[in-house]
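A.B. asks: Protein chains in written order, with UniProt numbering: chain H, 1 to 402; chain R, 1 to 402; chain C, 1 to 402; chain A, 1 to 402.
Be careful, since some hints might not be right.
Identical chains blur together in the list; that is why a pair holds if it fits in one copy or across any two.
[Stated by the list, open to error] For lysine to any residue, the following SDA-like pairs were computed, each having C-alpha atoms within a straight-line distance of at most 20 Å: (1) K356 / R377; (2) K144 / T219; (3) K96 / R3; (4) K144 / G324; (5) K218 / G389; (6) K235 / P329; (7) K235 / R377; (8) K229 / D169.
By construction, these hints were calculated from the structure, which means they are not laboratory data.
These numbers come from a predicted model, not from an experiment.
Residues per chain are reported as follows:
There are 4 protein chains.
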Amino acid sequence: MTRVMNVAMIGGGFMGKAHAMAYASMPMFFWPAPAIPHRKIVVDVTDAAAEAARERFGFEEASSDWRAVVERPDIDVVDICTPNNVHAEIAIAAAKAGKHIICEKPLARTIEEARAMAQAVREAGVIHMVAFNYRRTPAVALAKRYIEEGRVGRILNFRGTYLQDWSADPDGPLSWRFQKRIAGSGTTGDIATHVVDLAHYLVGPIAEVNSMVHTYVKTRPIQQGGVDKLGASEKSATAERGEVDVDDEVISMLRFENGAVGSLEASRNAWGRNNFITFEIHGTEGSIHFNYERRDELQVMFRNDPADARGFRTIYTGPAHPYGEGLWPIPALGIGYSETKIVECRDFFAAIAQNKLPSPNFEDGLRTEYVADALLRSGETGHWERVEGAAGTERQWTRAQA
Amino acid sequence: MTRVMNVAMIGGGFMGKAHAMAYASMPMFFWPAPAIPHRKIVVDVTDAAAEAARERFGFEEASSDWRAVVERPDIDVVDICTPNNVHAEIAIAAAKAGKHIICEKPLARTIEEARAMAQAVREAGVIHMVAFNYRRTPAVALAKRYIEEGRVGRILNFRGTYLQDWSADPDGPLSWRFQKRIAGSGTTGDIATHVVDLAHYLVGPIAEVNSMVHTYVKTRPIQQGGVDKLGASEKSATAERGEVDVDDEVISMLRFENGAVGSLEASRNAWGRNNFITFEIHGTEGSIHFNYERRDELQVMFRNDPADARGFRTIYTGPAHPYGEGLWPIPALGIGYSETKIVECRDFFAAIAQNKLPSPNFEDGLRTEYVADALLRSGETGHWERVEGAAGTERQWTRAQA
Amino acid sequence: MTRVMNVAMIGGGFMGKAHAMAYASMPMFFWPAPAIPHRKIVVDVTDAAAEAARERFGFEEASSDWRAVVERPDIDVVDICTPNNVHAEIAIAAAKAGKHIICEKPLARTIEEARAMAQAVREAGVIHMVAFNYRRTPAVALAKRYIEEGRVGRILNFRGTYLQDWSADPDGPLSWRFQKRIAGSGTTGDIATHVVDLAHYLVGPIAEVNSMVHTYVKTRPIQQGGVDKLGASEKSATAERGEVDVDDEVISMLRFENGAVGSLEASRNAWGRNNFITFEIHGTEGSIHFNYERRDELQVMFRNDPADARGFRTIYTGPAHPYGEGLWPIPALGIGYSETKIVECRDFFAAIAQNKLPSPNFEDGLRTEYVADALLRSGETGHWERVEGAAGTERQWTRAQA
Amino acid sequence: MTRVMNVAMIGGGFMGKAHAMAYASMPMFFWPAPAIPHRKIVVDVTDAAAEAARERFGFEEASSDWRAVVERPDIDVVDICTPNNVHAEIAIAAAKAGKHIICEKPLARTIEEARAMAQAVREAGVIHMVAFNYRRTPAVALAKRYIEEGRVGRILNFRGTYLQDWSADPDGPLSWRFQKRIAGSGTTGDIATHVVDLAHYLVGPIAEVNSMVHTYVKTRPIQQGGVDKLGASEKSATAERGEVDVDDEVISMLRFENGAVGSLEASRNAWGRNNFITFEIHGTEGSIHFNYERRDELQVMFRNDPADARGFRTIYTGPAHPYGEGLWPIPALGIGYSETKIVECRDFFAAIAQNKLPSPNFEDGLRTEYVADALLRSGETGHWERVEGAAGTERQWTRAQA
C-alpha cells in the first residue's frame, strides 16, 4: 500500500504553485509512486493569503502561523517555498519537530544559517533536500549518466552560465531578491548557485574560485505590493527608488578537487537571455553541451565515432533516458518546468520511502553555500579563494595519464 | 464563487494521465480559475484497471461502465480519452445526457461518426471541444496573434509537418493505432490532423487537397497486453505478425478558401524526428516558423525591419505572450506537454463558464475530419479532392492587390 | 606536366565573378591540379563591358563577339555565364567548334533548346557540365556518400526546398529573371531546378510530379540599366512597371523511379529566407538533413545508434569528408560560395583530364529540364505529369522488403 | 588607373594558399579595386618547395632566399606567412627595405620581438597589418557597426571563446605549433589572440587579466616531414614522442579600460568544436552573439523591440551589411574562409592606397601580444596582471549613469 504523506507548504507564490502542481501530479507520472503527497496545509503571511493559496493550490487547510504548523503531529513533510530570509528558522524548527524537509534554493542567506540548518537535520535524522530542480531535467541526468559511464572520459573542463534579463531593466521593482537582508545575496545566491549545483553534480566538488562580482543596477523603484512577480512585474521610471545592495553579475574561474577546471558566469543583465542555464563539458573522450532553454535536448560528441560521422548529437530525451519511464511516451512531447518539478518531487519522496538521503541534500546545499561565499569573498579580494571544507586539489594531471 | 465541476474521465492511459494532471493543476496556474475541475470518476475497461487509474490519477470513484457514468446527474463534464473507436458512441451518449464534452483527437474514425457527434452536441446545446492541444502552445497562439494583427500581412503559404519515428521500427507492436477498425486511419488521423488543425487555426479553412498516402510498414508483431505505450513499447523481431491496414505517411498539397496555398507532410517513418510538428508561414509582410520540438520559441521575421537588422527573431514565450499571465513568470522556464494541456483545460472550462463554444469544437473537428477524408480519397484518386463543405477558393490573388 | 587550358568566359556578371575566382584559385586548392585554367578571354555585350571584365577578372583578352571567340583554335573551354536566353546558341556553336563546355544553370529556357544542346555536345564528343554548384558543397557530397554506402538504408522520402526573399518585395526591378523571353521560366527554372538536381543526385531520377505554380508579383518596375544585381538592386515604388510573365512559387509532390516519394517547394516570396536550400531524407536506417544557409554542416541520424545516444549528429565537413583534401585543414574554417565553385571547377577539369563525363552534364541538365517542364505542365493541368523519358516507377515497396 | 603592386609572399603552406587566393580574387570582388596585387614572387625554405608553390599559387618567380627578396626594388609588399619564429626577422628587414607588410598572426613569439617589429615599421613609415582575419567576417563587422551606432548601448560584458579539437588527440604530431622555440606559446598565441583581437576591436583595450593556463597533452609523436597540416595530419600511437612545451588551454577573466568586464576561453582539447570562435556581448540596450562556425549569421537582440516580439534576430549578412557591396548579391550564398581573406586583402591594399594605417596594424598586434603576455604571466602568478601600456581602468560604472 502506497503511503499517503501530509505536506505542509510554507509560501504560496510562484514556487508554491510549482510545488503544489508536483504534489498533485507526481503519482500520476511515477506509478506506483513512492508515496502519495497529500496537500494538507498551506501557510502564507496572512490568513487571507493563506486561504487564497489553499483554494488555488488545492490544500485541505490554511494557516498564517508556520510555527504551529510545523509542529503538528499529522504533518510528515515541510516544504519551504518562502523568500530566503526565513529558510533557516523554518527548517530548524521543522527538523526539531522531526519532519522531512524540502527547501527551496539557495539553502540560506549565509553560511552560518546553512551550517545550522545542516546540523539540525543531521541531528534530527530526517530526510532533507534542496530544490535545485535543474539537475532533475532528464537531459542533465543523461549527461550525468554519460559521465559516470565514462563515455566522455575524464573531465577536463566545465563551463557553466546562468543568464537572465527579467531584471536587466533598471526600472523593474526592488523585490526581495534585490535586498541583502532578505535574499542574502543577488545573482550569486539566486542563480549562480544553480550552476554550482550542476557543477557539483556533474564534475565534483569545487575547491577554489577566482571571481568578479558586480552590481550594475544600483537603485530600483520601491516595490508596490509584496509579491515577487519576476519578469511579469510592472516597470516604473518615476517611482521612488531604493538601493540594491546585492550583486547582479558574477564571473568566476573554478578549480575542482579532481583537477578539472572551469568557469561560471551568472548575470541578470543579459538582454535576450531568459533562463539561459548552459554547460559545456570537455572530457578526454568527448564533450557535452546543454542549454536549458532547449531542455528537451542534450548535445553529446564522442571522439570515437567514425572520422566522417563525428559531431555533436542532439539527443531528445524520452523513454530511453533517465526518468523516461515516468514522463512522456515519446521524446519531445515536452519537458517543461512542471516536469522538472515532478521529477524532483518523485526523488524526494523516494528518498523518504527508502530512508536514504537524496541529493542535493542540506549537506550539498551547504557546500554550495560555501562556494557562494567563496565567490563573494573572491569578488572582494581579487584572489583565488578556497571553498570551506574543500579537499586539496589534485595536481594538474595530463592526458598521458588519462 | 468559483464553481466546482465534476469530471468523468473515460480512459486511463497516457492521455488520461495528461488530462488528470491538467484537472489538478489548471486552477493553480490560471487563478481565479474559470471553474474548479473535480476528478469525480474515472472509467477504464475493467474494474481493476479503473481502480488503478482512480488511485493513480486521484479520482474519487472508479467504474468500468461508461454508459452508466455518463448518465449520472452529478457529472458535469465527460472527458473522452479512449482509443478512437468509442469516441462517437460515448460522445453521443454524453451529449444526450446533457454533459459538456472534451474529446481526444481525432474526433472520430470516419466522417459519418464525426457528423453524428457534431449533430448530437449541436442538438444538446452542450459545450464541446476536441483536444488538439498543440494550438494551445503559447508560441502557436503568438503566431495567431501576429497573423490576426496583420503583422505578417496576407498569408501566401503554409507548410506544415508532423514527423515521428517511434513507430519507424517495423518490429514495434501492432497497437490499436495501426488497426483501421479501431483507429479509423493511421498517420492521417493520428498526426496529420494536428497539422490540419493548426492550418485551420492559423490560415483558415482548407478547400482542396492533393495527396499521396502510403503504408511502408505492412505488418507488425501482434501486441502482447493491451496498453499502447508508443515509443516505450517493447520491440520484437520474432513475434507473430499481423497486418497494418492504415497509412504511415501522407504528403499533400493544400489550397485554402482564402487563396493561400501550402503543403503538409506527416510520417511515422522519419528517423530522428520525435514530435516534429512544424509550420512555416510566408506572408506579404513577414514570415513565421515554429517547431514544436523547441516549443518555447517562435521564429518571426518582419520585412519592415531596418535593412541591416532584418532576420528571424527567436521569441521565447513568457508573461508578454498568450497565456503568459497564468504560466511561468519568465520565458524559458519551460513549456512542456503539461503546460499545453493545462492551457487547453483552462480554455475548455472558460468556455463552459462563459457558455460560449471554444475552438476547436466538434464542428471544427468535423471540418478536420473532412480534410482527413479528402486526404485519403486523394491518395487513392491521385487528383485534387475538394473538402466537404468547403466554400469556393478565392481566385489566385496577387501581391499588387495585397 | 599539368596542362594549361585556355578558357573563354562568356558573361561578366555575378556568375562571371564566381567562375573567374575559381579559375584563379582552383589549382591552389587542388594540387596537383587536373589542369591549370588560363583566363584567356572574357566576352561581354559591349567592348567596354568586356574590357572592364577583363581587367577586373584578370583575363588576357576581351571581346564582345562570342561567335568569333568560340571558334578560336586556341580556346579549350567555353564557359557560359550569360542569361538563359543565349545558352543554347552559344553552347551549340561551342560544341560544333569542339570546345569543352561548362554552362550555368538552368541549361536552357525550354526542353527544345536543352535537347538541341545535349545533342550538339553528344555529337561533338566534348566534355560538358551544367553548373549546379550546390551539389558540390562538401556536406552534400557527404550525404551522397552516406547514401551510397547504405548508411541510411533505402530512401523512403525526399523533401527539398529553395526559398528566397531577395525578390519578395514587389518593388524590386524587372530584371531578366522575371521575363519569360529571356529566362524561360521563373522560380522553376532559376531555383527549383537546383532542388531537382539535388534530388537526382541523391535519390535518383524523378518520374512524376504533381505541382502548383503561382505568380504572386505580377508587375515590377522596369529595370534601369541592364545589370542583374539580385538582392543588391535598387527598389522603386514609383517607376513605370512591366509585366512579370514567369512564376515565383512552385510546390510539388514527387515520385522517383526507384519508388521513393517526396516534395519540393521553391519560392521567391519567403521573407527571411535568403538562400534556403534544404533537404531532408528519410531512409530505412536513418535520416539526413541539410540546410545550405549552414552549409558547413550536415545533420545525420543513424537508427542503429545506442538507444540512449540516438539523435541527429551535426557534422562539420573538413579533411575527413569529400573534397576535404583540397579545401581547408580543419572543419568550420569555412565553406563559402567560393569554395563550392572551386570544387565545381576542379571536377570539371578533372573530367576533361580523364576524358570522362562529369555529372551533372548536359544529359543530366536535360533530364532536369524535363522535370521543370513537367512541373510547369502539372501546374496548369492540376494532375500528375510524367517526366519525359522517365522509366516506370517501381511499385510501392514496403519496409518488409527493405 | 588602378595601381599594380608586386607582392613577395614568404611561406607557401596553408596560409600561403589563403593569401594567394585572395591576391587573385580580391579585385574581382571589390571593383574598382584599391590596387591590383601581383603575385610576383613566393619564397619557401627550399628551391624545390618554392618552385612548387610558385606553380601552385600562380606566382611569377620563386626563391628560397627571403633576405634577397625583401630588398628587391620591384617588390611593394611583403607578406609573411611563415611560422612565428621568423616573423620578426623578416618584418624588420622588410620595413628597413621600405616595404608594406602584412604579417600572419600572432605578430611574434614574444613581446620583445613584437616591440621591435612595431618600432621598425614605425620608423620606416610603411603600411602594416596583422592578419587577424576573423574580424573581417561581415557578421563581425556588423557587430562593430551596431556597437558604434549605440544600438546595443554601453557594453557591460564580453565573453569570447576559441575552441578547437584538431589537436585534442594526444597522438597528433608535434608540429611547430607545439614547440615554444618556434611558436612562442601554444593556445594563447595561436588562437586566444584571435579572441583578444576581437575584444579589442569590439569593446576596446583590455587592461587586466586573471587567468589559468594549462598543458594537458604533454608529449606528442615527433613529426615526420616538416609540413603543418593541422587536422589533416596523420596520427600515430607508436612513434617516438617529444615534449610539448606550450599551453593547450587558457581561461581568463578580463577587465577593459572602459569598465566593461568579461571572460575568454581558448582550448585545443574541446572535442566537437572545430573553429568555435564565439562572442557574446551584453550591453545596456541589447546583446550580440556570434559563432564563427555559423559565420554567415549574427545574432542581435534589441531591448526596445515590442514586448511581444523581443528576441535574438538571426541576421544573415549580405548586400545591406559591411563589405556587402563587394561580396555576394544575396545573403547566405556563403561566407567562407576565402571571403574573410579577400576582405582582409581589400582592406590592406585600401590602406596602402590611402596611406592610412589599417587595423589591426603592428601597434594593435603589439597590444595583443601584451595581453598574451599578461595571460601567460597570470597563469603563473594566479593573480590579476596588468596589460603593459594599459591605461587605468574606469571605476565600475552603474546602469544609472549609462
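A.B. asks: Take the hints in turn and mark each one as holding or not.
C.D. replies: Quick rundown of the hints versus the structure:
no.: 1; hint: K356 / R377; in the structure: neither (34 Å within a copy, 48 Å between copies)
no.: 2; hint: K144 / T219; in the structure: neither (40 Å within a copy, 30 Å between copies)
no.: 3; hint: K96 / R3; in the structure: neither (23 Å within a copy, 41 Å between copies)
no.: 4; hint: K144 / G324; in the structure: within (15 Å within a copy, 32 Å between copies)
no.: 5; hint: K218 / G389; in the structure: neither (33 Å within a copy, 31 Å between copies)
no.: 6; hint: K235 / P329; in the structure: between (42 Å within a copy, 14 Å between copies)
no.: 7; hint: K235 / R377; in the structure: neither (32 Å within a copy, 46 Å between copies)
no.: 8; hint: K229 / D169; in the structure: within (14 Å within a copy, 43 Å between copies)
Going down the numbered hints, you'll see the structure goes against 1, 2, 3, 5, 7, while the others check out.
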